[in-house]
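Sequences and hints are given; from them, build the entire structure.
Listed below are the residues making up each chain.
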Amino acid sequence: MRIPYLWLKEFVTITETPEQLAHRLTMAGFEVEALERIGDDTVFEVNVTPNRPDCLSIIGIAREVAALYGTKVTFPDLNIVSEPKELDFNIDILDSDLCNRYAGRIVHAVTIGPSPDWMQERLEKCGIRSINNVVDVTNYVLLEFGHPLHAFDLNKLHDHRIRVGTPATVLGAKEPIAFTTLDGVERRIAPDMLLIWDGKVPVAVAGVMGGSDSEVSDATTDVFIESAYFDPGSIRRTSKRLGLKTEASYRFERGTDIKIMKKALDRAAQLIKELAHGSMYGKLDIYPKRWCSTPIPVRYARVNQVLGLSLANAQILDCLKGLELEITEVTDTGFVVKPPPFRRDMTMEVDVIEEIARLFGFDNIAPELPRMRLGNDDALTDAQRMMRLKQKLRSAFLAAGYTETINYSFIGEADIDRLRLAASDIRRAGVRIQNPLSEDGTVMRTCMLPSLIRNLITNVAQGNREFQLFEQARIFLPREGEQLPEERECLAALIYREKVKSLYRDDTHDFYRMKGALEDCFADTRVAGVTYRRSAEPYLHPGQSADIMIAGTRIGTIGVLSPLVVNALEIKAQRPSIVVLELDLSALLPHIGASVHYRSIARFPFVERDTALVVDAALESSMILDLVRSFPSDMIEETAIFDVYQGASVGNGKKSVAFNVRYRASDRTLTDDEVDTLHAALVSHVSEKTGGQIRQ
Amino acid sequence: MSEDLKASYLADLQTVTTLQELAQLKAKYLGKKGVVTLQLKTLGALSAEERPHAGKRINELKEAIESLSEAKEVELTHQELAKRLASESIDITLPGKTTGIGRAHPISTVLNEIIDIFVRLGFSVEEGPEVELDHYNFEALNIPKDHPARDMQDTFYVSDDVVLRTHTSPVQVRVMERQKPPLRFIAPGKVYRCDADVSHTPMFHQVEGLVVDTHITFSNLKGVLVSFVHQMFGPQVPVRFRPSFFPFTEPSAEIDIGCILCDAKGCRVCKGSGWLEVMGAGMVNPKVLEFGGIDPELYTGFAFGMGVERITMLKYRIDDIRLLFENDLRFLRQF
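Sequences listed follow chains S and G, in order.
According to the numbering used here, numbering within the first sequence proceeds without interruption in unit steps and concludes at 697.
According to the numbering used here, numbering within the second sequence proceeds without interruption in unit steps and concludes at 1737.
For the record, the hints were derived by calculation from the structure and aren't laboratory data.
Ideal placement from N, C-alpha and C gives every residue a C-beta, glycine not left out.
Careful, some of the hints might be misleading.
[Stated by the list, open to error] Below, computed lysine-lysine pairings styled on DSS-like, alpha-carbon distance capped at 30 Å:
1. Lys1547(G) <-> Lys175(S)
2. Lys339(S) <-> Lys1547(G)
3. Lys322(S) <-> Lys1689(G)
4. Lys391(S) <-> Lys1673(G)
5. Lys1499(G) <-> Lys241(S)
6. Lys10(S) <-> Lys1499(G)
7. Lys1547(G) <-> Lys290(S)
8. Lys1499(G) <-> Lys391(S)
9. Lys246(S) <-> Lys1673(G)
10. Lys573(S) <-> Lys1499(G)
11. Lys502(S) <-> Lys1499(G)
12. Lys1592(G) <-> Lys241(S)
13. Lys1434(G) <-> Lys290(S)
14. Lys1499(G) <-> Lys393(S)
15. Lys1547(G) <-> Lys1499(G)
16. Lys1592(G) <-> Lys391(S)
17. Lys260(S) <-> Lys1547(G)
[Claimed, not checked] Per the computed footprint, the stretches of chain S lying under chain G, defined by three or more beta-carbons under 8 Å from a beta-carbon of chain G, are:
18. 26 to 34
19. 104 to 115
20. 295 to 308
21. 327 to 341
22. 387 to 400
23. 602 to 614
[Said to hold, decoys possible] With the C-beta cut set under 10 Å, the calculated list includes, among others, these residues of chain S facing chain G:
24. Glu122
25. Asp364
26. Asn465
27. Arg475
This is the structure we're talking about:
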């Protein structure tokens, strides 16, 4: 709301500078976002919160200023002389729940023309364009009193009559009806939207916008000015559904002052009479639903308890003095507040406490840390355990050279299509947003990969030839029969590498590079029992991808992105190496190892043996490790594969796998003979099971 | 005789340049067929009187040669090592081989910093769904369907009853429903609003906080948040609490800190005011406590919320919020 300082000063005495006043208003809950100097005036840009529609006006702000400085508001002089003529005009309120009061005045013999400069200037300062003297007056009074008015061309109103009702009430309509608003747009008015009608047809969408047929034009000679109170909820629903927001609807939907509307009407009629040289007739006022103030009991003790103060009773009452509240039933323990009609935001004790705090000044309440009992449950919450896991993995991936990204949770249809998922795949059935901002944000992510692929495209386009990214976020999987999707915490990572000339040679396959980072994470978080099996994900290279398994459940996938996916990305790079990882942290969390128990350190020396076996090239090396680890001897301490070789010397379709075994006994030094015998037994067991031969 | 031998050895030793030559020289004198060894074998031919004397002299000679050889050996070893090290010299000015350290996203860095401060103050951490029921996002927070306060937040709708949460506040009610006071937790997370420009992105991060107990006051709200601001931005940064409006708190406050970019002198970022708005807060509205199943006559509480992007942008002087979600490595690698 734009408030010109000089206009404000017409209603309240201000001795401070605009800057000082701006600070006072800001600290009283009316944030002055900007001060704009225009000529000798200063315009305040005041941010009025939705609970204070009464302050969407010069007089409203004047009231607050008066309360802050302990002065009074002076209302404009209303010197109304009605022509003593019998009124030939009728008003009927047919839906009194939606329109609690409807008043009007008629001004005859007006001359439509431009409004005077001073009025045009004031309107302009408040951001309103001048139209003609009559319309300008309604807008002027809107700004001054905060009450929206509407001027009709009296002679366009059939039968000199106004009816207030919905199409359902007036016509018994069950279907929307057509109505053209004064912006020239034909709108479909639902049966439950409140309209203003004349004797025959609708003439305005109540509280939102007038109709084009009855608007004031240069040819208008007589005007009917409307001032009414409409139900805020009804106006809001209508405004929302029509997609039509006006200065009027903005105020009506927040709640207007059912009392001041009469004064606003008089003020408008008087100004129109003066500026358009009209003659005024009597007024009409239908008020079927009388407003009455709801008493609010307030306890002194509660005020101090909520605010952390120890104010005396008199101090508390003093704070409320300037607010035009009716205070009754004052006792030793409390009092009753009856708020005025422009303070419909006040209904509860705490609403009054807020006013006390506001006027006492938040600055005058000293900060004090609370004294609290410890929580009922000092165990970690699930959220905390997840947070710790995520922090740990984050550190691990950062250390392994992955840069963290944060993507929007929504992606586009095209992002999902990239993954070549089957039509029945649940990941294609993500939660859809009804009102997305753009095509690439229509559906909540069901997996993380599409986002990282987008990051890849962005960064390759910038000439990056080698990078590693990761992200931790939630995915959203629809659930049968549930309103809300299942939200699972996930981690995704990506390696992108083009074949570039490099100072140092490192030909490690990126699959193993990423798998290594993952294994480090599992070691760090003490996750045991992870196995890998070939993955069938359609977006991964079938020969270079794995499902990550734990206790029979898939907790993720890792692998080289399928060339079919990569080609479709249309990035300008020659066969880059792209490896991706997705890990379901919600599934991983229960497998995080708990406490560590120390084991004694072996005192006796170890003995090592190396063996190379020639096996089928297709044999998965993990089989050899599994066979060694499960061999029934408690002297096998460690095993590792240290070489895999394929070539003519080991035969076609074969490979040599060399592994090392470290033996140790806990109670003695092993002899060479003992180890030779044991190792021979082990090798023969492994050879037999794998069909391998010792490489000579 | 032995003096001659010693002189001849010393002369030979001068010509030795490698350990191998040294070994050969040593063998020439002290080896099985070495000249000194042969001298020892001639002792038997001497008389009993001459023998001890001659023996002693030869042994002295032998010891002298051994000691000279040893000294020479040390010298040559050092020389050879020095030679090898010189030949192994590398270009120490070439860059090291790095794995290229990963960079943390500035939002998660700041988010973790915020979480740490509240955890130190004794808060626990809770969370709630990002796709949320209208009930928790609005109704239970005292924002009914046709309330203008809904305009404060442009909402993404999934259906009439399901929204993308517009703030982390719904976690307040969800936790109150399942836990009894005292409550003292923060709820960090992603939130969504249908808005996009230089200062708005459709997704951003908030940290919500809630404290509920039998005697929590507005003064306590100030105490906790002043402590937070001082830990986050520095103990010298001024803080002010301004009355404001949120449907779920009353009294409500907006928290400004003295502009950290211009030391509260007034600049473009603080629009010349010297103040930056960083948080919203207030005493929990009794209606919200009731929605959460807590008796507002027995308990009071305060809640607060802050935007992580806002703080991140201030901290790193980022002037366009959209940069935070473009994930351009030229941006990310700066942090």
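Just to make sure I understand the rule, a stretch counts as covered if three or more of its residues have a C-beta closer than 8 Å to a C-beta of the chain. Does the stretch 104 to 115 of chain S meet that for chain G? That given contact is violated, which follows from only 0 residues of the stretch 104 to 115 of chain S lying within Cβ reach (below 8 Å) of chain G.
Does the stretch 387 to 400 of chain S contain three or more residues whose Cβ lies closer than 8 Å to a Cβ of chain G? holds (count 7)
Does Asp364(S) pass the interface hint, meaning its C-beta sits closer than 10 Å to a C-beta of chain G? holds (7 Å)
Against the 30 Å threshold, does the CA-CA distance of Lys1592(G) and Lys391(S) hold or violate the hint? It holds: about 15 Å lies between the C-alpha atoms, which stays within 30 Å.
Has the given pair, Lys1499(G) with Lys393(S), been kept, meaning a C-alpha gap of at most 30 Å? Status holds; Cα separation ~25 Å.
Holds or violated: Lys1547(G) and Lys175(S), Cα atoms, limit 30 Å. At roughly 24 Å apart (the allowed maximum being 30 Å), Lys175(S) and Lys1547(G) satisfy the hint.
Hint validity - Asn465(S) Cβ closer than 10 Å to any chain G Cβ: holds (6 Å)
Below or equal to 30 Å on CA atoms is what counts here, so check Lys260(S) against Lys1547(G). Holds, because 27 Å separates the two Cα atoms, which is no more than 30 Å.
For the stretch 26 to 34 of chain S, does the count of residues with a C-beta closer than 8 Å to a C-beta of chain G reach 3? holds (count 6)
Would the pair Lys391(S) and Lys1673(G) pass a check requiring their Cα atoms to be no farther apart than 30 Å? violated (38 Å)
Glu122(S) was flagged as interface toward chain G. Is the shortest Cβ-Cβ separation under 10 Å? Violated: closest Cβ of chain G sits about 26 Å from Glu122(S), beyond 10 Å.
Lys339(S) and Lys1547(G) were given as a pair; does the straight-line alpha-carbon distance stay at or below 30 Å? At roughly 27 Å apart (the allowed maximum being 30 Å), Lys1547(G) and Lys339(S) satisfy the hint.
Going through the hint list in order, the structure does not satisfy hints 4, 5, 6, 13, 15, 19, 21, 23 and 24.
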